[in-house]
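J.: As you go down the protein sequences, you meet chains D and E in turn. By the working numbering, the letter at position 222 of the first sequence is numbered 222, and the numbering carries on one by one without gaps. By the working numbering, the letter at position 14 of the second sequence is numbered 475, and the numbering carries on one by one without gaps.
Keep in mind the hints are simulated off the structure, nothing from the lab. On a predicted model such as this, the values are computed, not experimentally measured, just so you know. Among the hints, a few may not be true.
Per the computed footprint, the stretches of chain E lying under chain D, defined by three or more beta-carbons under 8 angstroms from a beta-carbon of chain D, are [unchecked claim]:
#1 481-495
#2 581-590
#3 598-607
#4 618-631
#5 639-651
#6 654-663
We put the CB at the ideal spot given by N, CA and C, even for glycine.
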Amino acid sequence: MKLEAFPDAARRELADAQLRANLRNATDTIRAKRARVVDELTDWQELREAGRGIKADVLANLGRYLTSFETAVTAAGGTVHWARDAAEANAVVVEVARAHGATEVVKVKSLTTDEIGLNDALAGAGIHALETDFAELILQLDGDWPSHILVPAIHRNRREIRDLFARTIAPGIESDDPEALAEASRAYLRERFLNARVGVSGANFGIAETGTVCVVESEGNGRMCTTLPPVLVTILGIEKLVPRFEDLEVFLQLLPRSSTGERMNPYTSLWTGVTAGDGPQELHVVLLDNGRTKVLRDDVGRQALHCIRCSACLNVCPVYTRTGGHAYGSVYPGPIGAILTPQLVGIENAKSLPFASSLCGACYEVCPVKIDIPTVLLHLRAAAVRAGAPRGERLLMRIAGFTFGSAGRLRAVQRAARLVQRPFVRNGTLRALPPPLRRWTATRDLKPAAPQSFRDWWQSR
Amino acid sequence: MAKPVSARDEILARIASAGQWPAPAAEREYHVAGSLSDGERAKLFCDRVADYRAEVRRVVAGAVADEVRDVCFARAVSRLVVPTALRADWRPAEVDAVPDAGFTARELDAFDGVLTGCTLAVAATGTIVLTAAADEGRRAITLVPDLHICVVDERCIVELVPEAMRELARIVRDERRPITLVSGPSATSDIELDRVEGVHGPRSLVVLVVAS
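All chains should be modelled from the sequences, with the hints used to inform the complete structure.
T.: In structure tokens:
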């Protein structure tokens, strides 16, 4: 499936002033919170390096860790399924729900299940997937989709949400106070939690050694979904493993501080298979590939699989903070999305994404597991060009190469440019060049050719 | 016709065919042991829990039941669920403390609150750690009722996250107990990033820190 080109999507999103204001406010707030709690830890850089190193070890020994995880989960009374692609993963969930006669499953917010389109697959089988995260519920009620990894409804303000609730789950609600809105969702979902027969979750980490699954959250809906239903299915991307239980001591420091800017998120749930008399008595874990092994083959690109989905890179990105998440056309927006999505769906289907960046490097600096996003972006840009650059661009590049290839040709072109550019220079900048060059100058400031080149100046001394 | 390959075998084969590359052991130069005195550690824990807008009360040993009674009276709470093995001297006589008889989620929903102990607490992050131990009970009882009163013995407070995780690793390896880390009451910031306490988990968390 080919994604919409980023420049087109971005132009549309940028026109939404409400979105830009909401987004700016939200990303500024989270950035400040993150900076405060990160500064508190004097060993932050050491934690980042440990996080990077652990993830690199996981990828280098992935087969071994996966089979170890499988053995541990099975020994603890769980069932492990393997899924090559989205369809296989979805089929497992449908089958489990059907086996228990469930017409509804309760779901914890999970990017992985968004990635595989689980809700649609369940709907196709006559099973309703109820999103229980506050923001996801808002989006589900309105047929909208997430625009931020962490705060998916960041583009909606309180009045919009009140009106939506009044139309759907809380007829007659008047207050748009966040507390009242949260109360409405609590009342609506509580009944569904108490009756739920099947829960579905993603996972933040799977521990290869013990078979433990870890879900990190704030609201308690994650605990509800993974504790109350008698049956639980967890979808786990194969890259989400960590080798040993103690490795969590690194990630449980890196993730909350990078993500919500808290010292620790309100709830972290860890379960190791089935516990008699406590929680679900039937546990399934689906190990999902869906393109990840393809990413693994790329020496430069594979570090994108280190990602722990904190969203810190979104909040600092000068592109994301203006366009928002929808412009990226995928469940993984922002800088991490710009390197992950093209690798998962194939560069030929998302050619413009690696270019959705100014390469400023802020994402690399905040990444808790030190993913060198700018380097991967450049690597993917090269791949995108190899996969076929526009004919005009190729021609221009060839002409540029020819021109720069000889001092005489360069001088001739510079002289000519000084004359030709005159009508287009305004305030020291080239504006509104004729088509097709206008596509460049419409959104960028281009310096005109200087009145005197360095060579000319040197010779005149 | 070739035998169909299982998803498991195919994924493992894809991983193997991705090749091999060196991955040196991760460097672990971060702090793994705290440096605070016992008193400083307890104070830090109390401050950090209070930061989450949980209620923190410091009590002397022997006064836990009285404090629980005060908390319940102040919040008009009359009926608590408690783990079956909860210490008798923590239960106030004036409040109905019902031992968990394997209640359904709906039955738990009818309780005003829950009273438990905890296995560990982490000062740096203001976290309490529940591991389904005898005086903590199964996960559902600390989830469904709207008030959680948690008794934290000062002696089980560690300073740093790694100190806690190393203890928990032992519990998981030896007994596979489920673990819940709780840092403040349930919360969401989904509407315009305004933090609201209490969505689905207990909306109120009261932590009683017992001096040793």
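J.: So, for every hint listed, does it hold in this structure?
T.: Outcome of the hint check:
Under the rule that three or more residues need a Cβ within less than 8 angstroms of chain D, the assignment of the stretch 481-495 of chain E holds, with 13 such residues. By the rule of at least three residues with a Cβ nearer than 8 angstroms to a Cβ of chain D, the coverage given for the stretch 581-590 of chain E holds, with 5 such residues. Counting residues of the stretch 598-607 of chain E whose CB falls under 8 angstroms from any CB of chain D gives 5; the rule of at least 3 is met. Residues of the stretch 618-631 of chain E lying with their CB closer than 8 angstroms to a CB of chain D number 7, which satisfies the three-residue condition for coverage.
Under the rule that three or more residues need a Cβ within less than 8 angstroms of chain D, the assignment of the stretch 639-651 of chain E holds, with 13 such residues. Check on the stretch 654-663 of chain E: 8 of its residues sit with their Cβ under 8 angstroms from a Cβ of chain D, so the three-residue criterion for coverage holds.
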